[in-house]
Every structure is written in C-alpha cells, then in structure tokens.
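> Those protein sequence lines, which keep their order, are chains A and B.
Per the working numbering, residue 1 is the first one in the first sequence, and the count goes up by one each step.
Per the working numbering, residue 418 is the first one in the second sequence, and the count goes up by one each step.
I should point out that these hints are in silico values taken from the structure, not numbers from a laboratory.
Quick caveat, the model's predicted, so the values are computed rather than measured.
Treat each hint with caution, since some may be false.
[Stated by the list, open to error] Cβ-Cβ distance ranges computed for the label pairs, FRET-style:
id	chain 1	residue 1	chain 2	residue 2	range
1	B	VAL699	A	PRO64	55 to 63 Å
2	A	ASP236	B	LEU697	58 to 66 Å
3	B	LEU498	A	ALA76	28 to 36 Å
4	B	TRP467	A	ASP236	46 to 54 Å
5	A	SER280	B	GLN597	48 to 56 Å
6	A	ALA76	B	HIS465	51 to 59 Å
7	A	PRO162	B	LEU498	54 to 62 Å
8	B	ARG474	A	LYS49	41 to 49 Å
9	B	TRP428	A	LYS49	51 to 59 Å
All residues carry an ideal CB built from backbone N, CA and C; glycine is no exception.
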Amino acid sequence: MRMSKRLSAVLLSAVLAVSACSGGTGAQPAADPNAKVTLSYGVWDANQKPVMESLAAEFTKTHPNISVEVQLTPWADYWTKLKAAATGGAAPDVFWMNGPNFQLYASNKVIGPMPGQPDLSVYPKPLTDLYTFEGKPYGLPKDMDTVGVWYNKTLFDAKQVPYPKDDWTWADFQDAAAKLTDAGKGIYGTAAPLGSFQEYQYDTIAQAGGYVISPDGKKSGYGDPKTIAGLTFWTDLIKNKQSPDLKTMTDTTPIQLFEAGKIAMYWGGSWNVSEFTANSYTKGKIDVAPLPRGEKQATIIHGVANVVSAKTDHPDQAWEFVRFLGSKEAAQLLGQKGPIPAYNGTQTAWVKAHPELKLQTFLDSVSYAVPFPVSKNTAAWNEAELTYLTKAWNGEVPTDQAATDLAKAMDALLAKE
Amino acid sequence: MNRGRAREALWGYAFIAPTGLGIAVFYLWPVLQTAYFSLTEWGAFGGHTWTGLDNYRRLADDPEVGRALVNTLTYTALGLLSIPLAIGFAVLLNRKGMRFVGLYRTLFFLPVVTMPVAIAMVWRWLYNGDYGLINYLLSLVGIDGPNWVADPATALYALVVVGVWASVGYNLIIFLAGLQAIPKEYYEAAAIDGAGGWRQFFHVTLPLLSPTAFFVSVVSVIGSLQLFDLVYVMAGSGAGARANPAFPRLQTVVQLFYERAFVTNDRGYAAAIVMMLLLLIVVLTAAQFRFQKKWVHYA
Numbered sequence: 001m002r003m004s005k006r007l008s009a010v011l012l013s014a015v016l017a018v019s020a021c022s023g024g025t026g027a028q029p030a031a032d033p034n035a036k037v038t039l040s041y042g043v044w045d046a047n048q049k050p051v052m053e054s055l056a057a058e059f060t061k062t063h064p065n066i067s068v069e070v071q072l073t074p075w076a077d078y079w080t081k082l083k084a085a086a087t088g089g090a091a092p093d094v095f096w097m098n099g100p101n102f103q104l105y106a107s108n109k110v111i112g113p114m115p116g117q118p119d120l121s122v123y124p125k126p127l128t129d130l131y132t133f134e135g136k137p138y139g140l141p142k143d144m145d146t147v148g149v150w151y152n153k154t155l156f157d158a159k160q161v162p163y164p165k166d167d168w169t170w171a172d173f174q175d176a177a178a179k180l181t182d183a184g185k186g187i188y189g190t191a192a193p194l195g196s197f198q199e200y201q202y203d204t205i206a207q208a209g210g211y212v213i214s215p216d217g218k219k220s221g222y223g224d225p226k227t228i229a230g231l232t233f234w235t236d237l238i239k240n241k242q243s244p245d246l247k248t249m250t251d252t253t254p255i256q257l258f259e260a261g262k263i264a265m266y267w268g269g270s271w272n273v274s275e276f277t278a279n280s281y282t283k284g285k286i287d288v289a290p291l292p293r294g295e296k297q298a299t300i301i302h303g304v305a306n307v308v309s310a311k312t313d314h315p316d317q318a319w320e321f322v323r324f325l326g327s328k329e330a331a332q333l334l335g336q337k338g339p340i341p342a343y344n345g346t347q348t349a350w351v352k353a354h355p356e357l358k359l360q361t362f363l364d365s366v367s368y369a370v371p372f373p374v375s376k377n378t379a380a381w382n383e384a385e386l387t388y389l390t391k392a393w394n395g396e397v398p399t400d401q402a403a404t405d406l407a408k409a410m411d412a413l414l415a416k417e
Numbered sequence: 418m419n420r421g422r423a424r425e426a427l428w429g430y431a432f433i434a435p436t437g438l439g440i441a442v443f444y445l446w447p448v449l450q451t452a453y454f455s456l457t458e459w460g461a462f463g464g465h466t467w468t469g470l471d472n473y474r475r476l477a478d479d480p481e482v483g484r485a486l487v488n489t490l491t492y493t494a495l496g497l498l499s500i501p502l503a504i505g506f507a508v509l510l511n512r513k514g515m516r517f518v519g520l521y522r523t524l525f526f527l528p529v530v531t532m533p534v535a536i537a538m539v540w541r542w543l544y545n546g547d548y549g550l551i552n553y554l555l556s557l558v559g560i561d562g563p564n565w566v567a568d569p570a571t572a573l574y575a576l577v578v579v580g581v582w583a584s585v586g587y588n589l590i591i592f593l594a595g596l597q598a599i600p601k602e603y604y605e606a607a608a609i610d611g612a613g614g615w616r617q618f619f620h621v622t623l624p625l626l627s628p629t630a631f632f633v634s635v636v637s638v639i640g641s642l643q644l645f646d647l648v649y650v651m652a653g654s655g656a657g658a659r660a661n662p663a664f665p666r667l668q669t670v671v672q673l674f675y676e677r678a679f680v681t682n683d684r685g686y687a688a689a690i691v692m693m694l695l696l697l698i699v700v701l702t703a704a705q706f707r708f709q710k711k712w713v714h715y716a
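Make the full structure from the sequences, and use the hints.
Okay, structure coming up:
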C-alpha cells in the first residue's frame, strides 16, 4: 500500500516550508491596537476542547477585537504536525507545550521568552521550573497532573478485598493484585503496560529510590540497581500473570480493559477524571487511591503550559491571551470542567466537581511529587526506552540486562545533545 | 527547423507546462533537496551542517536499517500474490453470462476507494487476539488464535493479507480491461483447433495479459516498498509501533524514515534513508524492465 496522502502532504509542506522560510521575513506591519485579530490556539485533548472554547469566548468578551480559534490535533499527531508547521513558520500563535518537548522548542527559538515580569509564585514551583530555559520563563502553566491508582470497587467487592488505604505499600499492592486476579473470568489485578512512562515506570523508579536522568541531564540512571528495581516491579506483575502480557496490551490498551471491567487497578492520571466519569461502565464503579509507597512515596508531577510562537504576527495579543489563560479567573473556569488548574488555590472547584471520587488524593500527592525527567532531545531517548525495554516486557531478555543496555544507548544519545 | 515547426513545438511545450511545472516543483525539487539534506546533519527545525557521507556510513552500521529492508522486501515479494488472485477473479468476472457483474466489481473495488487508515482500523479489530472476529471464529473450531499483529511470528503476514486484500480490487479492474482488449477471434481460432477452456486460458489469455501483468507488477512493487500506513495504524497502540513486541518484524524503511525525520529529530539521516529507498526502487524497476523480455508478450 502506498504511503498515505496525509504523510506525503506533511512531507511536502515541510519541504516547501523550508524553502519558503529562507525567503526572509518582511517588515512587520505597524501594530494597530484596535485591529481585529484572530489568534490560533493549538491543543491536543478532545475532552478539553469545549472548555478551551469557552475560555476563548470569555477572553473575547473582555477583548472584543481578539477572537481565538481553537485548533485540535489529536495527541498521536500533535508534535509531528507542530514540528512541520513550526519549521515553516506556520505554528499556531498560542499552543500547548509539555515538559519533554519544551527544551527542544525553547533552545531552537521556536517559542519566545515571556515579556515583562510575570508573577510565577502563584503556580507550583516544579511546574514553573519545568518551563524555564536559561533563566527565563517561556510560558505560564495551565494545569497540572499527578498519578494515582484508579480501582474498580465492584471487582474489589466481588473478591472481598479491602479498598486501598492512603498509606499502602508495594507489598499491599502486590497482595491486592494477586487476590483480584481471576484467570477464569479473564480479570487481571492490574496492568503493566509499556508506553506512557509517566504513570508507570517513572513513578516506580522514583519510589524505589532510583532516577531516570541525572540532575545535570548528562547521564542515564537506567543502570542504577534501584532504577532497575522500579522496572522489575512491573515485569514481575506480568510474569505472575497479574497483568495481561505485552501482546494482549498491544491489541487492547489497558484503559479499554479497565473500562470493560477486565482490570481491577489502573494506574492513571488526574486527567482521566472526565473520561471515567463519562464512561457508562466506570461511572459510579470506581474510585482513586494514592500510589503505593516503595522505599519512599512518590508521584510524577507534570503540567501543560501555554506558550507563544516566536513567529506569531500578533505577539502582544498572544501574550495577553496567555496571561488570561494563566489567571485565577480562567483557572476557576478550567477547574470546573477540565484538568487540575495550576493556579494555587483554585483547585477546590476541580475537587468538588466530583464529590463521589476522592480527588483530593491528586492534590495531596503534590507535596511528595517528583519532576518529569526531560532533556533537550527527550524524544530520542524516549524511543530508546521502548526499543530496549520491550524485550524485557515481552520476556525475551532479563529486565536488568535490558536496563543496562538502555543506559548505554541513552548515555550515547545524551552526549550528542 | 522552419518557423511553423518551431511554433508548433512552442505550443506543445506551452500545453505540457502546467503538468511539467507541477512535477518540477512538487517532485523534482524535493528530490534534489532531499539528496542534499542526506549529506548534512539537520536540526529539528531546519538549520544544517555539511557532514559529507557520514549519514550513508551510518546506514551501513545501523541494524534497524537491515531489518527494515528485510521486512520491506518480504512484504513486497508476498504482496505480488495479489496478481494471480486478481487475474483469477478478473477471468471469473469476465465470463459470458455472468450476472451481477457490476455489483461484484463494486465489491472488489470498494477497498481501493476506502481510506487506508479506515481499512487498517477495521482489520486491527478483526485481528485482535482476545476480542477479534478471526480468533472468535477460530475458537468455534477449537483453535486458540494468536495476537496476530503483536506476535512476531504472524505480524508481517497479517499485514500482507491486508495489503493484498486492499490491492486486489485495483489490479482486478486493470486485468478486466486487459481481458476485454483480447480479440474474440483468437478464442474462436483456438476453439476450432480443439483447445479447451484451460488450454485457451494458458495459451491465449495469459500470454496476452502479460503486458498488463507487467504494468501491475511494476506499480505494486513500487507501492509495497513504500509501506507505511498499515504499520503506523495497525502495529501501534497508544505508544506507537515501537512498544509492540512484533516491532522488529514490522519495521519498514518508510516507518524508520518517519521515526528519524519526525520523532527523534534526525532529519539528515532520514533523508539518507529515503535516498536508499529511491535507489532500491530504481534498481528493482530497472531489473523488471530488463527481465520482461523473458515473459511479456506484446501482441
């Protein structure tokens, strides 16, 4: 079958864009503060698109000359498309940024530092630090997310397993996973997938006392025995058949299995709230507990920031919109429908939106949260993580060997940054 | 050349100019640029430094290039199965007195006009190890089917089946046209000489279809060598194809190019990968043109 039309179009536009942008930028037209301006706003979450649109409408109420068009690109293609667009100078004026990609965009001057002296003290420090490059903030945090264990109360009741306590440990978790597994019914205690490390490997690595990348961003931590303990936590669950094997999870993702009642405990984020409360199966059947404690208690904290394209035609209006999105007012609106707002003190609305769930869990865990591991070209070693660990997850290579191989490959990639 | 001839030539060029310009801007220029980029190290957002043949040296040492080539060539070779299948169906549809020919043609052609991504999504579900239709049907006769696209032993063949299924319709329409271009007199003459249905098929139909088969084979080899979308949609879960345990058997050249160009920001190397693919396509197509003398009969 031929290469898809869409890919060819992307390649073509990328090539054209590159040749086009060598043409030099003409003089900027003089900014007219009263001119009608339409800003494009790039986002990747379909669940959040409605709330982003209502925020945009709210912004236009106070800024009648600026309208905002929310452009949704699904997560799977978001970064590919954004990179091609940014190469051609056609990135959205304002767009969502995440930790793994931030340094790449900032160091290549695709996004610009924020003008003026924004007050960053109203956001959690790990988040503003994440979006600071060479001492300058490049955007305002929009939301934050931490990780918890979503559990199916119906399956717990059926096996008469007590619900997880706030101070539970790895041993408690493993014990529950064993008791909840029912091979005859095709029900697994939990799922140990390989894909998004934020909710799985990175958390258990931190809980085991290991690390993914050294603080200076030069060395991989995958060779560290404690890091390996954080990985074996998962591969053991597969070995003991308390998680589906990797082949099964490739065919059917763990979240689909959880929403079909085939998995009792699902490690997920605070971002799953809107999906789980809307899904007809999980609605009313589930609750959330903190991550179990290993050598220490830990969860990964991450958050999305709003950033401005360095090549936007309307920088003043774009930053004005980012300031609005980072305001208390916008955070309160966001918290009613979307993820946890990053603005300190506005999270109560988010917690109260679903009194039937212990959502306070996600806020309480901020106190022991660890930052998301990133470097300048995070994507390069993220790919290596999958290449090497797939063999361990599929049982072809012992976990410790796969991890030490990965450490070598990752060190080589970091040396090139 | 006299003035009239020159004028005529000028008009000729004027008429092909729109297409020629399109080809130059959208095909030729990108190819030349890609050739140039393959000799550079290219940043994530443009900006490049000359590195000479470094990228090509890397190609030779990269184990993923080797396996991607093996997978791509295997897929391409097996994909040719769609030619005998298409000939068989075309002959059946071309029989005299066949009813509902229009309906059958539409059914066979449907996959061709369906978006590849939609096809891949549906087949992904059919192939699902636990909830797929194929394994459900197998379970009725007591067979425990594998995770078709996640098992290294079956994954590539599962994709071949989809690729063949999706291309039979297109090839069939071309063969139908080829069949209808064969003069009836040949069959009448063969019948008078006492040739039965099978003899007619092997001694009249097949030789006279060989130019069509040659065309189809050239086009489908070029298409198969660029396999990407099936791998992208069918092999990946949320994390993409790389977390699939069958990935080493599924990685294709264009898939590798995609990862280097758009995932790991290694665009110079990605350019070298597609230049290698271009060379492979040129060599295989040239070989087919040379080899056609042995089996293609032009009436």
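> Each hint: holds or not?
To see whether the hints hold, each was checked on the structure:
no., hint, verdict
1, VAL699/B / PRO64/A: 55 to 63 Å, "holds (59 Å)"
2, ASP236/A / LEU697/B: 58 to 66 Å, "violated (44 Å)"
3, LEU498/B / ALA76/A: 28 to 36 Å, "holds (31 Å)"
4, TRP467/B / ASP236/A: 46 to 54 Å, "holds (50 Å)"
5, SER280/A / GLN597/B: 48 to 56 Å, "holds (54 Å)"
6, ALA76/A / HIS465/B: 51 to 59 Å, "violated (28 Å)"
7, PRO162/A / LEU498/B: 54 to 62 Å, "holds (58 Å)"
8, ARG474/B / LYS49/A: 41 to 49 Å, "holds (46 Å)"
9, TRP428/B / LYS49/A: 51 to 59 Å, "holds (54 Å)"
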